[in-house]
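J.: Full structure from sequences and hints, please.
Spelled out from the first residue to the last, the chains are:
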Amino acid sequence: MSSEDMPGAGKPDPNPGGRFEFRECRKIIRATGKKAGNLAELMEGIRTASEGSIYHHTQEYFFKGHIIEYTNDFAEWAGRALEERVLSENLSNIDPFRHKSVESLRGELLNSIAAYREKFGSPRRVLPGEEFHFQESVTIVFPAGFRALNLAEFLMAMRFVGSQSIYYHFYEGRRRLEGMDDFSKWIEKAMGLPALAAKIRAIDPFMHSIEGVRDQIVKFVEEALREEIEVSSI
Amino acid sequence: MISQYRGIAPKGQLELLKILGDKLAGRTILNVNSTRAGGGVAELLHRIMPMLAALGVDGRWEVIEGDDRFFDITKKMHNALQGNEEHFTEEMWDHHAWINGRNAENLDLEADFVFIHDPQPVPLIRYKKDGHWIWRCHIDMSAPQRDVAARVMDYARRYEAAVFSVAKFALQMPIPEFIVLPSIDPLSDKNRELTAAEIEETARKFDIPPDRPMVLQVSRFDRFKDPVGVIKAYRMVKKYNDCVLVLAGSPARDDPEGEAVLAEVQNFADGDPDIRILLLPPFSDKEINALQRLATVILQKSVREGFGLTVSEAMWKGKPVIGGAAGGIPHQIVHGVNGFLVYSVEGAAFRTRQYLNNDEMLKRMGGVAREHVRNNFLITRQVGDYLSICLGVENAGSPVIDIF
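Same order as they appear, the protein sequences are chains A and B.
The numbering of the first sequence is this note's numbering, which starts it at -19 and goes up by one.
The numbering of the second sequence is this note's numbering, which starts it at 3 and goes up by one.
Keep in mind that a hint or two might mislead.
As the list claims (entries may be wrong) - Below, a list of computed lysine-lysine pairs in the BS3-like style, where the Cα atoms sit at most 25 Å apart:
#, chain 1, residue 1, chain 2, residue 2
1, A, 44, B, 13
2, B, 365, A, 44
3, B, 20, A, 44
4, B, 207, B, 78
Unchecked claim - Computed footprint of chain A on chain B; a stretch qualifies when at least three of its residues, placed anywhere within it, have a C-beta under 8 Å from a C-beta of chain A:
#, region
5, 9 to 15
6, 239 to 248
7, 387 to 397
In short, the hints are calculated from the structure, not lab data.
Quick reminder that beta carbons are idealized off the backbone N, C-alpha and C, glycines included.
T.: So this is what it looks like as structure tokens:
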């Protein structure tokens, strides 16, 4: 997947004229036909998988919403199917959002598995039917049916917009905006509130589920609005 | 029609449907399968058709006809693709192809997009004239009988794309393979809200005692659904907890083994007055809905499964399900969060007892289960996926499709 193919890349600014148009995305999963039944095969799969496939199994894991024990599909498979808890923790500790390229992320995944194998050897093959299946996705991007002209409207929309919209703007935005997200960009550029933008930008995507991100943004925007109201009523 | 889903389905799903409907307005989408009644595929198509019409898309549904021999062969094919050893002769494959050829003479196969469901009508690809043809395989082909899978794949690889219900069902073929998880319709008789009177009527009809816990499995009488295993689990539970077991299923036209399995289950139940074996006629949707709402604990103890939509149906009613870790069931049940995955009769018995002894856990996990279905397994999401795939095959190769 080249940067031009990243969801939303090369498309018109989502915020024409200062208003924020919420968009949403859906993922249609594509099977690649590649699968792995042990760690050697997993490494080979990671080594040869498309960038889109690595992206799907790491960043797009956060699209699922229920981030509890694992933070990517490789870690989940290592924990659930291989039952290798140490490897699972090692892989879960890899933060995909800190990597500037998929290649660099691929390298860290491979290094982590190689280090594990060196230390602990290669565990058994998984039971039939428990293999890791490499996938990719096709992203459908569309208007979410919400828009905001000011911060108060933005707050209301943030409360009601679907979780996939928050994913698109907050998580996937980082690919389009080189580590930034659509929300903080709009708040800084269109609303002229750099301090609030900085707070939102500081939310760690790796440490929150989509709903956790929503709660944080709602909290920060509420605080900003309250301060605005309090100042103007003096 | 789509507006009826407002407040039930997530808003984003409805927005996408409207946009996709506008994009594909006036185009024809044809579905072909092998039965109009019984089984998840027929149920799904019954619901999708009116939605496509409401979106302005011309949806059509054709059913192939076959003789008893044909359905006997396709049942064996189904079993073999799910991993059971079956013996196939060239003559059987010839009959399969011949029946499809006869159907092709009688069916209108002209459409912009053609979805052929499962292996029964897969040879119809030989009669393709125009349009985008997509093979939709609903069954678990993760460990198929190789020679049978190879013959089916000979047909399947001639399609433009294939769609599977779960990644591990997908085959290694040189065509794009999409994964579309199935769904339920929250407005159908099987899933809509019922009045207390409707629920009580079903309880009376099937003699379900209102004051005793009820354990339920809804499924065809099929060995892969392990109804005998459910009775074994019930007997383990019964040593500790009072309960009634209900096994409810409908016959399907394309399942000649159903009667034999039903007899086997009745025999195994051995006249236990607390076991109700209900052979419901097709379209007993309201009764199934009521049974799921009446149930205290719902099982889907499949050992092989296509997707197991009865799991989502039960979860939509706020019931956490105890499901066999087969087919698509692990996609619906997040273990320990909205239900439990089990691997044995003992596991099913243990989790049943946990639920029967813990109301708070039942309610909490049931609430999470309903929300999980709302976000992932409603028909609005699935229709969106199908229409997106139509756009996907037209934009072959593009990983991003922007619709503005």
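J.: What's the verdict on residue 44 of chain A and residue 13 of chain B, does the C-alpha distance respect the 25 Å limit or exceed it?
T.: Within the cut-off at roughly 17 Å; holds.
J.: Under the criterion that the straight-line Cα-Cα distance not exceed 25 Å, is the pair residue 207 of chain B, residue 78 of chain B satisfied?
T.: violated, 36 Å
J.: Check the hint pairing residue 20 of chain B with residue 44 of chain A against an upper bound of 25 Å on the C-alpha distance.
T.: Since the Cα atoms of residue 20 of chain B and residue 44 of chain A sit roughly 24 Å apart, the hinted pair holds (cutoff 25 Å).
J.: Three residues or more, CB to CB closer than 8 Å: is that satisfied between the region 9 to 15 of chain B and chain A?
T.: holds (count 4)
J.: Do the alpha carbons of residue 365 of chain B and residue 44 of chain A lie within 25 Å of each other, as the hint requires?
T.: Holds: residue 365 of chain B and residue 44 of chain A sit about 23 Å apart, inside 25 Å.
J.: Tell me whether the statement that chain A covers the region 387 to 397 of chain B is true, taking a Cβ distance below 8 Å and needing three residues at minimum.
T.: holds (count 5)
J.: Examine the region 239 to 248 of chain B for residues whose CB is less than 8 Å from any CB of chain A, and state whether their number is three or more.
T.: That given contact is violated, which follows from only 0 residues of the region 239 to 248 of chain B lying within Cβ reach (below 8 Å) of chain A.
Against the hints set out earlier in the document, violations occur for numbers 4 and 6.
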